[in-house]
Amino acid sequence: MSGISIVPARREQFVLGIIGTLVFLLVWETAARFDLINPVVVSNPTRIAAAFVSQLQSGEILADLKVSLIEFTAGFGLSLVVGIGLGIAMGLNRLTEYAVDPFVWFLYSSPLIAFYPLIIVWLGFGFATVVAITFLLSFVSVVVNTVAGVHGVDPQLVRAVRAFGGGRLDVIRKVILPAAVPLIIAGMRIGLGRALHGVVLGEMFSSNAGLGYRITFYAAHLRTADVFVPLVILVVIGLMINQLGNAVEARLQAWRA
Amino acid sequence: MSVVAQVPAGGGLTWQSLGRHRSARAVVGLTAVVLFLIGWQIVGAGEIIRSDLISYPSEVAETLMRMTASGELGGNALVSLQEFIQGFVPAIAIGIAAGTAFALSTRLHYLFDPLIVALNTSPIIAFVPIVVVWFGVGTQSKAIMVFLAAVIPIVINTMTGITQVHESWIRACRAFGASKSQVILKAILPGALPSVMVGVRLAVGRAVVGLIAAEMYVSVRGIGRLIQVYSTSERAAEIFVLVAVVASFGFLLVTLLRRIEGAIAPWSLEP
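The listed protein sequences derive, respectively, from chains G and S. Counting in this note's numbering, the first sequence runs from 40 upward without gaps. Counting in this note's numbering, the second sequence runs from 678 upward without gaps.
No lab work stands behind these hints: they were computed from the structure. Built from N, CA and C at the ideal position, the CB exists for glycine as well. One should not assume that every hint holds.
[What the hints assert, rightly or not] Where chain S lies over chain G, by a calculated footprint (3+ residues, C-beta under 8 Å): (1) 85-99; (2) 137-148; (3) 227-237; (4) 243-254; (5) 262-268; (6) 277-289.
Okay, chain S solo, but in the shape it has when bound (with noise of 0.2 Å):
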């Protein structure tokens, strides 16, 4: 049926068409969402469900309000903020100072690389509660975690990003009387940029889900504090809420770091 229905009259499946149905796209979802809203608010503030598991919509928009009136959200979330900021800061200066180093020396890479990979490998979420062991329950474990889920990515992809800069690029530095130091500043660096915010982009997602975690296992402030408060009384329009606010962090941090690459590296964002 599925392919029946998208022949084109001209026949045959023309899969380069999709590009051009940008508006097509934002109308089928968004009415895909609105229905799905509908659909839940039904369900849920009809009881056809227990609302108390599900929620519904009016539900997560009026604890929303009253979450945020009360403080209750701003001040969990400034801890957060400040637990997030305090790990990956660190994670972004020591993982491109690190991937520099390792891209310019093969040796050391190679004794750092059994680390590198098992700590890329693993589910860094299993290194929780020994972090706060070590740390504690307060702030400082949450800052490590963020800091181990965020450090790789980042390493990664400087290593990648300035070991395929173009060598024609820094040849013609040379060329032209270029100094080592320059050849860094205006080849190495803005060649690798690109490959970096990569890494950047992709710790992220890794770090907020590494500081819920950790804060969920075991914290006394913070979002996921309040998601394991929420979670045990079983309260499903707040645990909506806090990962609504915790979803639209990542999106609105990702979408931020993309504007800045934009503004400063205008190279570096190809299609």
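Here chain G stands alone, though its shape is the one from the complex (with noise of 0.2 Å):
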């Protein structure tokens, strides 16, 4: 019953959407052609459409793109290797773990942007200061995660690896990650967005290149239609983003079911 009712629900959201888009972009370009709005600053759809096929030809926002995305790369690996590197020390040691917690909580809810002078000066103008910020912004989705997934553990496998000889890095190998990981992943997915929000910021303050830099590029030129076109690529790339994190977790779900 429900396996038939899930099919068509599911087809009846996919059109309702698409019409839902369809008319929004219908009244902005209808707005826009009556003048009802400004089309130069406001811009319409088929501007920023002309705008987007122009931009590919010349192939400059493809280059932007790759910035970013090696950015993001970069930022987020970074992110990974040392969320879930600290977060396994903190879960595993309570001296480390109340000791680090302070700053985890400070990177957490401050404002890390302001920084970006400070870390120009460090790391300069470009690439390393975009990806600090990257990695500055994602990885304590990463940290607290991991913590929390290592608290999960049942300390009955544990004991039982320690029993049959184990060592400490057998523990955290086959009891340890395992149990982790759908905790780890739920931080990877949080740590995604805020890095995708890492690479904006960065490019925008501190940058001369990306997809974050060429909106203000074009805003401060004035060139509404052209803002578009990063802009709905970094729009584009989120959904993507969640796409692929709803990808995982479904399977997640099943494996653990």
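Combine the two chains into a complex, taking the hints into account.
In structure tokens:
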């Protein structure tokens, strides 16, 4: 029964979603055509589409996309390595956890972008600074969730491995990591979103390449339609990350069931 | 080393014992922070690292006093606070209204779903330049950014809150002859409140970052404007003061919201 009803519901959601989006674009386009809004300042879908084509043809936007993706990968990769490592250390050792905790929460709750000029002085304008900002913004979610994952490990399993002569590394590899995976993935999901934020923030304030920089560049030249090209690409990347997260979580649910 | 170091005398790893060590957590955390501040003071004041880049705690404290006394901090904080309120209050009102409408009509929800998901998953900061082009460099564009950043988590959490209200509560109300408005007032709203408040608290963090980034991008007054001014002149002490002010504002607002929630809806604050 429920298996049958799911399909039409999803189709309805899909169709209505497309209708809603089309109506939105149509209203926007019509308002611009009839000068209800200023088409030069506000722009409209057809202008944006034209800007998309010309930016793709010049190849400019692809170069920016590449820069952003490399910075994103480097920053988030660093977050994973440091975040999972530190998270396991904190999860296993109470002293480490209590000592590091205040700093983690400071990083989480303060507007880190304010420090960008200081980071530029250390790491130079551009790539390294953007990677650092991306890392700083995203690694806390990985740390916090890894700690929670390690705390959730069944102590019986740890004792079992120890009883059969397993060492510290065996405990981490065979028990702690597998048991903590669901929460680590949940942390990665939040971290991915924050990393994308970090790339954009970093590029807006301390870079001369990438999608975030391109947005500020076009906005400063009042080329509104052009602003939307990198903006739409960023929205699509955000959606793709979200879809990926959904898919992984669905797999995980199936694997645990 | 770490595993061995914390195996208690009884043997085995007792993760559960963590909860019993609240005071240990506070003591160790505080010690670490104090040690960090002492180290920072030595490195900064001793010019081991250029102090204009990293400053040091006593300089930050002095700077805080000076900026407060001169009225520089208060005046700009007031501007930022006004922008925040102008964006956040409408975000709560419209967010709850829209979330309720979407929860009551699945069709309506599906129509707006792509827009909601897109706004929720994209880096909202990327909209700052376009919002400034549309609404100017003044306070209006900042209020719009606060609204955009805050409204989505409130919509989503209101929606989930209402759809997850226990069916049995509603049936119980009906059984005792409650009207439709009574069902909404007595069962649905109280049931959804905890989830709505989670959305509001989530919105605080996002709105603060959106506001500061927008002010840093371009503005006339406000805390973000000050950050940008001192940033370009590499004044680390002032930046630390301003960051601390912004972080404290977010923390205090979330704490206040929790208090209010606990007072008007004590059932909602589960540990």
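Hint by hint, here is what the structure shows:
no., hint, result
1, 85-99, "violated (count 0)"
2, 137-148, "holds (count 8)"
3, 227-237, "holds (count 3)"
4, 243-254, "holds (count 5)"
5, 262-268, "holds (count 3)"
6, 277-289, "holds (count 4)"
When the structure is compared with the earlier hints, a violation turns up for hint 1 alone.
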